[in-house]
Amino acid sequence: MLSIESLKAKIDDKEILKGLNLNINPGEVHAIMGPNGSGKSTLSNILSGKKGYEVNGSVTFEGQNLLELETEERAHKGIFLAFQYPLEIPGVNTNTFLKTSINAIKKARGEKELDAIEFLKLIKQKSLELKFDEKILSRQLNVGFSGGEKKKNEILQMSILNPKLSILDETDSGLDIDALRIVSEGVNSLRNKENSFLIITHYQRLLDYIKPDFVHVLKNGQIIKSGDYELAKELEKVGYEDFN
Amino acid sequence: MENNIKLNFENYLNEKNFSSSQKEIKEDNFDNFIKNGFPNKRIEDWKFSDLKQIIATNFDNIDFSKKEKQSNIDENLTVDLEHNKIVFIDGIISKIDFSYENEEKVVVEQNSNLEKELSENSLLNLNTAFVSDYTKILVKSGYQLKKPLILFNFLSNDLNNIGLNARLDIDLEDDASLNVINISNENLNNNFLNFRQKINIGKNSILKNYNLDINENSNFKYSFKDINLEKNSHLEYFILSKGSKFLKHDINCSLNREYGSVVLNGIIDLNEKKHHEIKTKINHNEENCKSYQLIKSTLNDNSKGVYQGKIYVNSKAQKTDGYQLSRALLLNDKVEFNAKPELEIYADDVKCSHGSTSGNVDEDSIFYLMSRGLSYEQSKKLLTNGFLNEVIEKITNDEVKLLVKKLMGINE
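Chains as they are written, first to last, in the working numbering: chain A, 1 to 244; chain B, 1 to 412.
Hints were generated in silico from the structure; no laboratory data involved. Check before you lean on any hint, since a few could be wrong.
[Claimed, not checked] Using 30 Å as the maximum straight-line C-alpha spacing, the simulated BS3-like pairs for lysine-lysine come out as follows:
hint, chain 1, residue 1, chain 2, residue 2
1, A, K124, B, K147
2, B, K381, A, K121
3, A, K135, B, K381
4, B, K116, A, K121
5, B, K41, B, K95
6, A, K124, B, K405
7, B, K334, A, K50
8, A, K121, B, K380
9, A, K50, B, K380
10, B, K381, A, K77
11, B, K279, B, K116
12, A, K124, B, K381
Being a predicted model, the structure only gives us computed values, none of them experimental.
Excised from the complex, chain B in its bound form (with noise of 0.2 Å):
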C-alpha cells in the first residue's frame, strides 16, 4: 500500500505546479506520514482505536489519485429547514447558495496556500500532503447569519477503495454569528475520508456546529477540527455519530481569552460492528471560560465506542469552571466501550470535574413500561432513546433540535 501512495503523491505533486514553497510544505507533510503511518494503538490518542490495524484488515489498497469526475451521485438528501448551502461531491465545491443573507458579509473563497507546519499527528500530515484546494468561508464582522448553513458532503456511488482529503476553514469575525450544520450522505463502498477544519470564532461571536453523521455508509472517517475562541464568544458543538462504519471525531478547542464558552455534547448511537470515538480537549489558555461536555452512547450489536476527553487549565486561567460527563449503556454483552476522561490542572483557583459511567438498561424500568403493555424491544427503544434524548434537549436551535429527533425517530 505505501509504495501506491507514494505513486500517487508524485503524479499528484506532477500534475499540480506547485510553488516550491508549498512543494516542500507537502513533501515534508508526506514524509512525516511515510515515516509514521496510520496510527496505531501505541500512539496514547489511539490507544481504543488502532487505525493501522484497522485499515489493513478493511483495506488491501487506498488510492488518493485525485477524481476529478463526478458520477452518479445520490443528491436527493432533502432538509426539512430553510437553510443556505454549500454542495461538496468528492470533497470538492459543486454548489454554493446564501440566498438568506447579504452576500457582501458571508464569503467563500478557495484558497490554495498552507502555512508551513508539521504535525505529530500522521493524518494531519497526509491530509496537508493532498489538500490542494481548500475552502474558506469568512462571516464578517458584525454580521449574524438568518439561517442556518448546511455543508452537505456527498460521496460518488462509483467510488471505493479510495482516499479523500479535504479541508475546510471557518471564520467569523468580532460580533457574528453563524449555525453550521454538517449532514453526509455517503456511499456503502470502503473509503478512507479524511476531513480538517480550522475554526476561529472571533470576540463577542457565536458558532453553534451541528455534526451530523446519521446515513448508513461503509466509509472509515477521521475528522480532526481545531477551534480558537477569542474573548466572550461561544461554541455550541454537537456530534451526532451514528452511520459510518468508522468515525473518529477528534477536537482540540482553545479558550484563548477570557469569557470564552464551550458546550460540546455528543451521542455515540451505534449497531452492528461500527467503532467510533470522540476525542476531545478542551484548552482552557485564559481566565474566567467555561466548558461543558455530555457524551452518552448506546452500543448494540457487535460495536465499540470510545470517548477520550481532556481538560487542560493553563497556570494563568483562574476561575475555570469545567464540567466533563459520560454515560454509556451497552445493550449486550459483546459491545465494547472504553472511556478515558482526564483533568490537567496547572492553576489553583477553578472548578473542574468528571464522570463516567457505564451500565445495562434497567431491567425495572422495562418491567414498568411492559406492564403497560409496551413490548421488550418497544420498552427498550423507549428508554434508550430517552437516554439520549437529554442529550438532544440540549440543541438550543429549535428547528434543529426537531430535525435531529426526526432523524432519530424519536417522536414528541
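Okay, chain A solo, but in the shape it has when bound (with noise of 0.2 Å):
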C-alpha cells in the first residue's frame, strides 16, 4: 500500500530524515517510535503534502507517486493524519467543516455527495460509536475544546472518512488515562483488513491500548531497528539514549 524508499527530507538547509525506508501492506498496524527530533513529525508531514521541506527519495502510495500530489489529493485517495496539535478555526462550526470535508472527498471520488439529512445520520452513528459528545459538534472547529476533546475530534473526522491510511501523529501527547482508552478505541474500531496504520508516538503506553504489528525505531532521521510488540517494551526499557 505504501512504500517509502530512501526518503531523505531536509528543511532550511537542515537535514532531517535520512534515508528512511519503510514499507505498509493492507490492514497493518506500524508504530515508529522515536526521540524528539529523531523526524517523526516530519515524516507524517511529509506523507500528507505539507509544504516547506524538501523532499528526495521516492514515495508510493498504491502504486502512484505520492510526493506529486497536493495535500487535498492525498486525502481524496484515503490518507489521513491526526495532528499532534489540530488547529483551532475560529468562527467554523465543526459541522459545517465536517460535512464539507466528506464532500470534497466524495465529489473528487466521483461518489454521491451526502445530504444534510444522510450527513447527520452519519454523524450521530459515528458519534455514538466513538462516545463523543454530538454537542461539540455545533461548536467553532476546534475552538476552546481540551486537549482530550481535540484528539477525539481527529478520531471522529478519521472515523467520518474511512481513510485507507491514517497517519497518528503523538495523539496520545496530553491524554488522560480516560481520554486515551477513548481515542485507542476508536482506533482499534476502524482496524480490518484494508485499513493500514502509522502510528508515531514516544511512549510505549499508546501500544498498550493499539496492538500493532510491528514497530520501528527512528533515530536521527532512519529507521535503525524494526521488530514486533516486544522492541517497545524493551525500548521502554532501555530509553531511547542507549538503544543502538
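Build the complex from these two chains, which are given one at a time in their own frames, with help from the hints.
What follows is the structure in C-alpha cells.
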C-alpha cells in the first residue's frame, strides 16, 4: 500500500530525514517510536504533503507517486493525518467543516455527496460509536476544546472519512488515561483487513491499547531497528539514548 | 466641474420656491462646499480616502440637477423575511408599507424645512444645499414595531455621472423599538451618492440598524449618520460593506445621557479595486455609558480598506466602558489596510481599550483543512468566512443574522 524508499528531507538546509525506508501493507498497524527531534513529525508532514521541505527519495501509495500529489489529493486518495496539535479554526462550525470535508472527498472520488440528512445520520452513528458528545460538533472547530476533545475530534474525523492509511502523530500526547482509552478504542474499531495505520509516538503506553503489528525505531532521521511489539517494551526499558 | 455644479445649484434654486430663510441656509452651505470642495487627504478625517482625488479620477462631470423621471428600475430585490418597507428610487420615496404595524404609531412624513447649520464637513454642506424634501420616520412613545423595516434604495439603470443627495431622519420617542435594515440595489454606472441620516433614540428605546451594502455596484457613496442616544437607550449598529466601488460610512454617535449603550460591528469585505472606509466617533458625554466596536476586514485583489475609530470621553463621563477592535486579513500583497484607532479621554474613572491587527491567513490552518480534502481556495474561503462569521454572530436579530449569512454565502 505505502512504500517509502531512501526518503531524505531537509528544511532550511537542515537534514532531518536521512534515508528512511518503510513498507506498509493493507491491514497492518505500524508504530514508529523515537526521541524528540528524530524526524517523526517531519515524516507525517511529508506524507500528508506539507510544504516547506526539500524532499528526495520515493514514496508510492497504491502504485502512485505520492510526492507529486497536493495535500487535498492525498486526502482524496485515502490518506489521513491525525494532527499532534489540531488547529483551532475560529468562526467555522465543526459540523459545517465535517460536511465540507466528507463531500469534498466524495466529489473527488466521483461518489454522490451526502445531503444534510444523510450527513447528520452518519455523524450521529459515529459519535455514538466513539462515545463522543455530539454537542461539541455545533461549536467552532477545535476552539476552546480541551486537549482530549481535540484528539477525540481528530479520531471522529478519521472515522467519518474512513481513510485507507491513517497517520497518528503523537495522538497520545496530552491525553489522560480515560481519553487515551477512548481514542484507542476509536482506532481499534476502524481496524480491518484493508485499513492501515502508522502510529507515531514517544511512549509505549499507547501501544498497550493499540497493539501494532510492527514497531520501528526512528533515530537521527533513519529507522535503526524494526521488530514487533516486544521491541517497544525493550525500548521503554533501555531508553532511546542507549538504544542502538 | 465646479461651474457645472454652480449652474445646477442656480437652476435648482430657481425651480423651487424656497422661503428666504431656507434659501439663505442653502446658499451658505453651497458657498461653503464650493470654497472647500470635495474633502481631500489633507483633512485628517479623509487622510486615507482622498475623495477629491477619487472624484477627479473617476468623473469628468457630476450632474446634480434634479431627476424627476424614474424609469427602468430593477426592483426585483426580494428579501426572505416578513418586513415593513419604504422604497426609495433615486432618493425619492416611491412606496411606503407598514401593513404589519399600528399605523397611528409610526408616522412617515416629508419635510422640507432644514435647520440652520454650517458644518465643517463639505459633504454635509453639499447635502444641505441640494436636499429639498427629506423623509422623517417617527416611532411614537411606547411602540415597538412587530416586524423590521427595510429601507430599499434603488437607482434607475440609466442614471450615470449623477450626483444624488438624500436625507432621512429617524426619531424614536421614549420606550420605543425599531429594527431597520438598509439595503440597496444600485446600478453599474458611475454616480456619486451623498446620504445623510439623523437619528434620535429616546429614553429606554432600542434601535437596531443593519446596513447591507451587498449588491455589486459602481457607485461612489458617502453615508453620514448622526446618532443621539437618550437615557438607558440602546443602539445596535451593523455594517456590511462590500458591494460599492467606493463607500465611506461616517458615524457620529453620542451617548448624551446615563446608561446608554452602543454596539457597533462592521465587516469590510472587498475585491477588485474597491475602496471602503468605516469611520466612527463615539462620544461618551455622560456617566455609565458603554460602547463596543468590532470591525473585521478581508481584502482581496487590489482593494483598500480603512477603519478610523475614535472613542471620546467627556470629563463628566465617569464609569465609561469603551472597547474597540479592528482586525484585518490581507489576502494578497497588493491590498492596503489602514487603521487609526484613537482614544480621547478627559475623565479619570474609565475603562477603555482599543486594538488593531492585520495579517495573512494562517498557512498551518490551510494545511489542516487541505489534509481533510478541501482545496486551497475552499480552505481559504472557509477560514475567511469563519473570520467574518464572528462579527455576523453578534447580530441579535436571528432573522437578519440568517439573511446576512445567506447573502455572504456562509452556510451552516
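K279/B paired with K116/B [C-alpha distance capped at 30 Å]:
This hinted pair holds, its Cα atoms lying about 25 Å apart.
Given the hint that K121/A pairs with K380/B, does the C-alpha gap stay at or below 30 Å?
28 Å, holds
With a cut-off of 30 Å on the C-alpha distance, tell me whether K124/A and K147/B pass.
37 Å, violated
So if I understand the rule, the pair passes when the alpha-carbon distance is 30 Å or less; does K381/B with K77/A pass?
Holds, at about 23 Å.
With a cut-off of 30 Å on the C-alpha distance, tell me whether K50/A and K380/B pass.
16 Å, holds
Under the criterion that the straight-line Cα-Cα distance not exceed 30 Å, is the pair K135/A, K381/B satisfied?
The hint holds at about 25 Å.
For a C-alpha distance cap of 30 Å, please report whether K334/B and K50/A respect it.
26 Å, holds
What's the verdict on K41/B and K95/B, does the C-alpha distance respect the 30 Å limit or exceed it?
Judged against 30 Å, a Cα distance of about 39 Å means the pair is violated.
Proposed proximity, K121/A with K381/B (alpha carbon, max 30 Å)
This hinted pair holds, its Cα atoms lying about 26 Å apart.
Next pair to validate is K124/A with K381/B; report whether the Cα-Cα distance is within 30 Å.
This hinted pair holds, its Cα atoms lying about 27 Å apart.
K116/B paired with K121/A [C-alpha distance capped at 30 Å]
66 Å, violated
Between K124/A and K405/B, is the straight-line Cα distance small enough, at 30 Å or below?
26 Å, holds
Hint compliance for this structure: hints 1, 4, 5 are not met, and every other hint is.
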